[in-house]
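As they're listed, the protein sequences go chains C and F. For the first sequence, the numbering used here gives the first residue as 1, with consecutive numbering after it. For the second sequence, the numbering used here gives the first residue as 1, with consecutive numbering after it.
If you're looking for bench data, these hints aren't it; they were derived computationally from the structure.
Derived lysine-lysine pairs resembling BS3-like cross-links, with alpha carbons at most 27 Å apart: (1) K107(F) <-> K139(F); (2) K86(F) <-> K99(C); (3) K107(F) <-> K280(C); (4) K18(F) <-> K107(F); (5) K107(F) <-> K21(F); (6) K18(F) <-> K86(F).
Restraint-style ranges between C-beta atoms, simulated for each label pair: (7) A55(F) <-> E59(C): 44 to 50 Å; (8) G169(F) <-> L272(C): 44 to 50 Å; (9) G169(F) <-> S154(C): 21 to 27 Å; (10) A29(F) <-> L272(C): 29 to 35 Å; (11) S117(C) <-> R54(F): 35 to 41 Å; (12) H52(F) <-> V287(C): 40 to 46 Å; (13) D235(C) <-> R54(F): 21 to 27 Å.
No residue lacks a Cβ here, since even glycine has one placed at the ideal position from N, Cα and C.
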Amino acid sequence: MSAVYLHSAVLRSALADNLADAALAIQQGQTAHYRDFVLHEREQSCRYFSLAQQQPLLEHLHANINSVHSQHAIPFADCLLIIASTGLNIHFFETLTQKQNSFNPSDATPLNQLAQSLQNDYGFATAFCINTACTSAANALLYSARLLEQQHYSHVLVLAFETPSEVAIQGFGVLELTSNSGRYQPFHAQRDGLILGESYAAALLSNEPTTQPLARLLGGFSACDTSSLTGTREDGSHINWVMQQALTDAQCRRQDIDLIKLHGTATQANDLAEYNGMQKWLKEDSVPALCVIKPWLGHTLGACGLSETLLLLECLKNQCVPIMPDSQNCSLPLLQTATWPLQQTRVLANFFGFGGNNASIIFEAGALPCK
Amino acid sequence: MQVIAASQFTGCASTTDKQLKTTLQQWLARPPRRVDRFILQSLLAATAIQQHVRADCGLYVASTYPARTTMASLLNSVCAEQRQPKPFEFVNSVSNAAGFHIAQQLKLNGPNLFISANAQVWQQLSLLAACDMQAGSIKQALLVFCDEDEGFTAQAVLLESSPTAYATGSDFQSLCAAIDIYSHHFSSAKNNE
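Excised from the complex, chain C in its bound form (with noise of 0.2 Å):
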């Protein structure tokens, strides 16, 4: 694939309101603010990361999109819109069953209302959501880039988000997916689930580099493991497959990579398979760093693949990396000194997600040439 560039990216999370603010929060030791819920039926705490001030939906919408033109004014009618998010408007489909005390199949709005308005709102060329529950926002990239790479649009905005959904609150507790101890720790021994997260990412690709682009996305793939609707393979076979044809198509080999952002939910199952997916990996005599980002901004799903991936470029442009507590611990080697002393780094991105899909991303952060 050609190299397509990131920019004007807009990240609001439990960790800081925009994305300088998250990285410098994670340079200072801060950590996500949070509420605790909890689970029906069985009266148990889970915790649960959003922002400090709730704000509706649209609002976190409008104030991206115009974030994203305030850094760089494009013509929304070239521009393609793709929404990525597992819950689109659940917030609206549960607030309207609690002021009704029922919710009939009829109440449920089409899939592309949101989009559809944005389109109308800003005269985008054209605007759709992608739903691949937790790899949304990275097939979003990831398709983006492979539709501006063919010239259909000059640029491409992807908005990504999850707003706080019971829905999703209560549906990762009967799976017993979530976090008891409130503590957000893949790979680590005591790990014992994963703590959701609200995000609003956005950011626009273009085939031009702009002055400070954040990143240039190399390639990357993404395909579906049919071995369960809820997680991959336990070997990591089909993950490590999937790494490998990212390389592929990003023209890199695996020593090529300085970098790997794990997807890491924390939660058993997911944790085991990237282990074992990773396990060639590490054979190789020169093995990439590791790190994870979910313990600053929870699970935040469908927006997962822009979130994380811009709180880390955002980090690697200060030339650090987020380092998880008593990592030591942890099952794979992961960074434990936060100071990055590249200038350039090429990173791939693993986003693992229920319906069996799995997706990696490489960046080249520095927006530099390829090696």
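Chain C is already provided as a structure; the job is to place chain F on it using the hints.
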């Protein structure tokens, strides 16, 4: 790309899930258990043309609405009755669950996308498929579209890469103009009894 097979299933609100399952058994000896109406409709459209599908096929699914009955059941459990959701309803509510079941039944391990449908749904599905064909990751693409409001329509189109032919058409009928479409209409449950 050229269209090599297509199917269309239509029905009304009174078409039962049992009718969908019974018809699905024409193509699948053992349909997956605990799946919802949206998944059944998607499976019908895809499996009706499965004999033409090869392993190097990408899957691109679109829908106008979420799985409405599943959403209603989940929301009523969680937000109205303050109960835990049923695990299979929660996992079925993920929009790409239909794509997973199609891929599992047809043994497709390649790209698998789900998008929201708008007026240009067939152009968008074709475009995404063309991206993967151009990238060399697939040689075939199975496009599936479901729309359930009062009645329902589930359609599938199988595309194959071709150096000479290019599938054109902004809607299902024009896309499939050159081939015979496998069609099935479910009459109301009452008439079938």
